[in-house]
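Q: Single-letter residue listing:
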Amino acid sequence: MLEDRLLIWKFKHGSEDALRCMYEKYKNDLLALAVSLSNDAILSEDAVHDVFVSVAKMGARLELRGSLKSYLLTCISNRIRSLKGTAKRRENEHEKADISRPDSRRPDELAMSVEELHRVGDALMQLPYEQREAVLLRLHGGLTFREIASMQDISTGAVQARYRYGLRKLRSILNSKVQE
Amino acid sequence: MKAEQEIERSVAKHCATQKSCTRASSEMDKRVLSDALRVYREAPKSEPSLAGTNLRRIIMKSPLTKLAAAAVLVVAVALSFHFFAASTTTAYAIEQTIQASHSVRYLHVKSFMASIPNEPIECWVEFDLSGQIKNMRIIKPAWMDPADGETVIVWKDGEMEFWIKKKNFLFIQEDQEIAAQVLGMMEMLDPKHAAANIQQAQEEGDTQVEIDEPKNKAEPITITVTYQAEDGTPAQRAILFVDRATKLLDSIEAYQLRGGKYIHFSTAEFYDYDKPIDPKMFTLDDVPSDAMRVDQIAQEIGLPQGDLTDNEIAVEVVRQFFEALIAQDYAEAGRLFGGVPAERMQKRYGHIRFVRIVSLGEPVLNPATAELKVPYVVEIEENGVITKWKTKYSYVPVRQVHGQAGRWATTGAPLGI
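Chains A and B, in that order, give the protein sequences. For the first sequence, this note's numbering assigns the number 1 to the initial residue and increments by one for each residue that follows. For the second sequence, this note's numbering assigns the number 1 to the initial residue and increments by one for each residue that follows.
Worth flagging that the hints you see were computed from the coordinates, not collected in a lab. On a predicted model such as this, the values are computed, not experimentally measured, just so you know. Nothing false has been slipped in among the hints.
Heads up, simulated EDC-like pairs for lysine to aspartate or glutamate below, C-alpha to C-alpha not over 16 Å straight-line:
| # | chain 1 | residue 1 | chain 2 | residue 2 |
| --- | --- | --- | --- | --- |
| 1 | A | K169 | B | E8 |
| 2 | B | K45 | A | E16 |
| 3 | B | K167 | B | D286 |
| 4 | B | K45 | A | D17 |
Input sequences plus hints: build the corresponding full structure.
A: Next up, the structure:
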């Protein structure tokens, strides 16, 4: 946290190094969230690109309500949401990439089996976007409900409801797959 | 049937796996950084960076509040030995001092003003493994602000809690600007960055460093740093006393040049190097349950600025503040007044029957505090008679809420709290 505050302060004072550090520090995390949200590698890279360009454009006007991390993660989810139309088009054109499917050559390094990973990933993609977003910002980004609500200008109750509905639906999807 | 917690665990594992597998390509890095840096060069910037300026300049020019300035001063002094020690090349074992001080995790500092030797500013600091401040407790003596009396400040990750015993008042806020300034100063003092800063200071020719290592081994090593006068501030001198055995700083004395003489104005003393500090020191557990608690982090304070100008939002805040008092909506009045609890507002203002706002004038900026002072005329009813409300202050100060970007609130009300 403290390091981020310094980064932001330096960024607002014109340090290009600070911008590079912000990118290096969070790029993979943001990209991973984008992939989880969209299941589309190209769109995810575009989202990370757009977020950093828009942050860079703000310069000294950058004002954060919460942490830098929660801000960037929320920006990513908002950007993915607005790029969803493009994603659909890409899907139809069979451009869907595969970085959401981890490299099967190194299963020993994974925290869960590739099969299980795909199953959860597929289930997540079946959730309405708002629910997927709430679940992933919470479980991927580690954001609190309050942080998500504050960043998205909605009530904490609404975020919690989306999260709960999302989990219920996931449970239903995953259980039905188990029964199959 | 999978329980909800099990689903949460599965998704969390999915996320962890996704994180461990996802890596930005070098092409992506190139594209993002190239585009981001291009637009960044055109973006607005804040005032010039602290990098390259010296410690004294920052302390003297910092727009911090008195309180924060005191905290910063203590921290800066506590850490300044990195800067000074690295700035010389004599027989004195500078590298030993740098190394010794670099690994310090705990520190207790007392900073005395020469004119008030019995009431120091006291500070306990815990650093993390990378040398960053992790936790800090500061006791601000009563002389710094007699109206408040002694204040205890606890700082964790930029979140600050102020306990004003005399007023039975606990105030919690997050001020990124102050946190960033402290951290900016720390960075400047960090050995990793010291060389560049020192080089610049030497090039500017405004710093002189002398080291004295007495033959008598019982005497401490002294480092004397002299800053030339600049921008209306007198020349200053700092004498650092270094422990022979540990190579750590014992104390720093600061002087200002007045009437041709260096006059002693403050001393910082360092104690308990690396003696672990009880974690309780970094919490305010002993605040009475009946204390007034204003938490500016847990609640949204004031009004969002939206498209209004600074003057317009200042007037709007004051208008809504008085309208809330007229409506006897003390919760709303408190929200506009920095988050003061409704009961407290009712206690202070409940006995007055506010009738109407007669006028709100053009705000006047107080450059020292960045507050906009909004003149007001309101009517109240007293014993069946409508009169203009007369108080000590003819204006209500309004400013941006610390840590809540784009929101404005009153920082004082005619009767205070």
